[in-house]
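K.L.:
Listed below are the residues making up each chain.
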Amino acid sequence: MAKTNISLSAQHIVKRYGGVLALADGSLAVESGEVVALLGANGSGKSTLSKVITGVVAPNKGELLLDGQPVAFASPQAAQSLGITAVYQELSLIPDMTVAENIWLGHQPMKWRLVVDKQEMLAKTGELLDLFAGTVQASLQPEVPVSALPPDERQIVEILKALSLDPRLIILDEATASLDSRQVGRLFDLVGDWQEQGKAIIFVSHRMEEIFRVADRAVVLRNGRSVGSTSIGETGEQELVNMMVGEATVVPRQLTHDPVAAGAAVRLKLEEISAETLHGVSLSVRDGELLGIGGLQGQGQTDLLRAIFGDIPFTGEMTLSGDVVHFGHPRQAMARDVALVPGDRGSEGLLLIRSILENLQLPSWQRYGFPLEMEAARADAGRVADDLRLVRSSLDAPARSLSGGNAQKVVIGKWLLRAPRLLLLNDPTKGVDVHTKREFYNLLAELRREGTAILFYSSDDEELLGLCDRVLVMLDGRISAELSGDNLTHAQLVATSMSTGRAEAQDHS
Amino acid sequence: MNERFQLKYVSLRQPYLFALLLMVVAALVNLVLQPNLLELRVLNGNLRSFLPLMIVTAGQAIVIMGSGIDLSVGAMVSLVTAVLVTQMSLDASAGQILLVILLACGVGMAAGGLNGFGVAWLRLPPIVTTYATSFIFSGLALWILPRPGGNMPETFARWYRQATPLGIPLGIWVAAVLVLLWYLLRKTKYGSYLFAVGGKPDAAYATAVPVTRVLFSTYVIAGLMSAFAALALTLGTSSGDPRIGAAMTLDSIVAVVLGGTRLSGGQGGVAGSILGVIILGLIRNIISFANVPSWYQTLVDALIILIALAGPGLVQLIRRRRVA
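For the protein sequence lines, the chains are S and F, in the order given.
Position 153 (the first sequence) corresponds to 142 in our numbering; numbering is contiguous.
Position 165 (the second sequence) corresponds to 395 in our numbering; numbering is contiguous.
Incorrect hints may have been included.
To be verified - The calculated lysine-lysine pairs, modelled on BS3-like cross-linking and capped at a C-alpha distance of 27 Å, are:
{"id": "1", "chain 1": "F", "residue 1": "Lys417", "chain 2": "S", "residue 2": "Lys419"}
{"id": "2", "chain 1": "F", "residue 1": "Lys419", "chain 2": "S", "residue 2": "Lys100"}
{"id": "3", "chain 1": "S", "residue 1": "Lys258", "chain 2": "F", "residue 2": "Lys417"}
{"id": "4", "chain 1": "S", "residue 1": "Lys113", "chain 2": "S", "residue 2": "Lys100"}
{"id": "5", "chain 1": "S", "residue 1": "Lys50", "chain 2": "F", "residue 2": "Lys419"}
{"id": "6", "chain 1": "F", "residue 1": "Lys419", "chain 2": "S", "residue 2": "Lys258"}
{"id": "7", "chain 1": "F", "residue 1": "Lys419", "chain 2": "S", "residue 2": "Lys113"}
To be verified - Residues from chain F that keep clear of chain S, each with C-beta distances beyond 12 Å, as calculated:
{"id": "8", "residue": "Trp389"}
{"id": "9", "residue": "Gly421"}
{"id": "10", "residue": "Pro431"}
Hints in this document: simulated from the structure, not taken from any laboratory.
Here the structure is a predicted model, which is why all the values come from computation and not from measurement.
Note that CB positions come from ideal geometry on N, CA and C, so glycine has one too.
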């Protein structure tokens, strides 16, 4: 394949959304064969800078140089035609269209200039899907509608869609967030190929280990400003975190292994729980315990939490605080002080156009009588918002106005207002910046001290290793391993996640 | 798991299966009440009376698939009707007739263009925009043609009323042409853009789909279809009524939904919507032949439509009960 050549440089980009300054001074340069990691806490302007480079938004100030020439993109189409494309964090797929239709939307192979050449399109889609062969289910086929795919496969379709344009510059914006370790490994192999082909890659991620694996250089944004560009080989993780957070003294992540107080009562006990994607799951969790659930994505972890919460039907025996229960509706679970923090905060966790106050109080309004005691509701919501250190202009601002990390705080906060005894967490820190994560870990520790039992599913292995007393690894709807004490290591976690039990995945020690 | 997945897949790709079933049932009931239904003359008359709504509904379906809605299609039909019958002379030559038809198409597209401008460029909500423009269009219609009347060359109208090319009713020809055009459209880039814009506009925009132009075009198509429907109506009656389109707006929306197109857009088709029109027409036939007292006709009509609309949802509900 002929080598591509590209150099792109964004210089002192400024972007305002109404009165909000999303990007104050963003600069970034990348060229052929290079992987540049774009780092920064949530709300630091990473997405905005990516969007400026791909022509989704127009900058208010600053210059974009492509191959040395100043350019201004009027639309994503303009950027695409010059070889720049992105794999977006918020998926850009149309749910009701098929995998092939989505990948080729806008640049379908045509015949007779007018009609889409479906055969050609399906064949080319097959070739693209082969790039991820072995890491996806056999059901991922060109003619399957995207709405029928699990999140990891949607993300892969998204990556292939960008690749189908044969771009010179690819921006991977949190593209690994919903992929499992095998899929990430395959993606990184592809990134290596792209580098050899002379493509340039901008890699946006919150996962440090991935940045160290794949990037050559890192550009760090803080509060909308580029605060530095550094070579990965010469920089340590702590150094990068310091640049992102910008605090003089950054405390290393505090992860305390609290052993379960011997006398704590069993809060939840499951016996042989089965549902469509669950096959005989048994577990128990005590008051004040933080029980982790791990494994590859889509092994039934989410459905397990939803079954406990009464959101999907299941068979088997469930005991809560000593009583046998069988919730048929989340309302019943809520009445017994169970709370579920969903993973997809955009679609399940938040009413984006409603105010922060309404979002926080949504599950709790009935406590405020009729007519609603707004003063009390506002005071309670304000207290929780302060506890969570929610950065907000006012409680009346729409939830949409919050950055990712702060939005997630609202999702958690609305359940904390109900003071749950059993907290179910569905991958709560996905796409959340380091700073918010640390606050969140402190919050979990506090909840444990208060005696809340927590069931914590996470796709971030480090989190499970650092926070949990025990980790249950799920595989194909079953619990394949229980790790605790000396067994709770990254190698074990990865090994037991794989169907073969081989620790073939990269153990980066 | 796999089987359910397949079912979901089929129902997504063939949203009008339920409509097809409904049409067969309605046709059978109709046949019992009106045994001569299948005679060519009766069939031709019946289908021809559905024809204007079929054409309007095809346009409405395109707008709804682009996640919009057009409440002005009826008013556009009235407006074009007024233009047609006032501009046409009784002894018009073929050339003159063609000229007037072109003018009518132009008026329809301009009216649709106004809707499209409001929705696509000014980003006004489609319901409000087209509700407002519907008053502009019906006002213009009344201004051009204050009371029913006007001209239509008799030979042309007679051809329309009696034509059964190759022994097949004109209504079937028109339906076939509309469905054929739709299937061709679906295979073009424009077709996939339409589904993309209706399915998730921001995602479509980020994928470099020309969202604004696609939205605009759906309303222009609806306007053009309204013009054709107006032509069919005036040929059917040989005269024009400036309020003739009023009832067609909601009927067209009901027909689109009956045909399995989702009101939120991004899914569905013209073929199903045409089935919807036929179902609607058959239901009205059944009511008039079942000797329902005229006081109750509207009520019965509405109840049947409501049940028909609820059908797919009820099926889902029953299936879910069985799973749970």
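K.L.:
Each hint: holds or not?
P.N.:
Structure-based check of all given hints:
Between Lys417 of chain F and Lys419 of chain S the alpha-carbon distance is near 39 Å, which puts this suggested pair outside the 27 Å criterion. Using a Cα cut-off of 27 Å, the hinted pair Lys419 of chain F and Lys100 of chain S holds, with the two alpha carbons roughly 11 Å apart. Taking the CA atoms of Lys258 of chain S and Lys417 of chain F, the gap is about 55 Å. The hint is violated against a cut of 27 Å. A hinted pair counts as satisfied when its Cα atoms are at most 27 Å apart, and Lys113 of chain S with Lys100 of chain S qualifies at roughly 15 Å.
Taken as a hint, the Lys50 of chain S and Lys419 of chain F pair is broken in the structure, with Cα atoms around 35 Å apart against an allowance of 27 Å. Our distance criterion of 27 Å between C-alpha atoms is broken by Lys419 of chain F and Lys258 of chain S, whose separation comes to about 55 Å. A hinted pair counts as satisfied when its Cα atoms are at most 27 Å apart, and Lys419 of chain F with Lys113 of chain S qualifies at roughly 17 Å. Separation of Trp389 of chain F from chain S is adequate, the least Cβ-Cβ distance of about 32 Å exceeding the 12 Å criterion.
Under the 12 Å C-beta cut-off, the non-interface status given to Gly421 of chain F relative to chain S is violated; the minimum distance is some 8 Å. Distance check for Pro431 of chain F against chain S: the nearest CB is about 10 Å away, which does not clear 12 Å, and the non-interface claim fails.
Hint check: violations occur at hints 1, 3, 5, 6, 9, 10; the rest are consistent with the structure.
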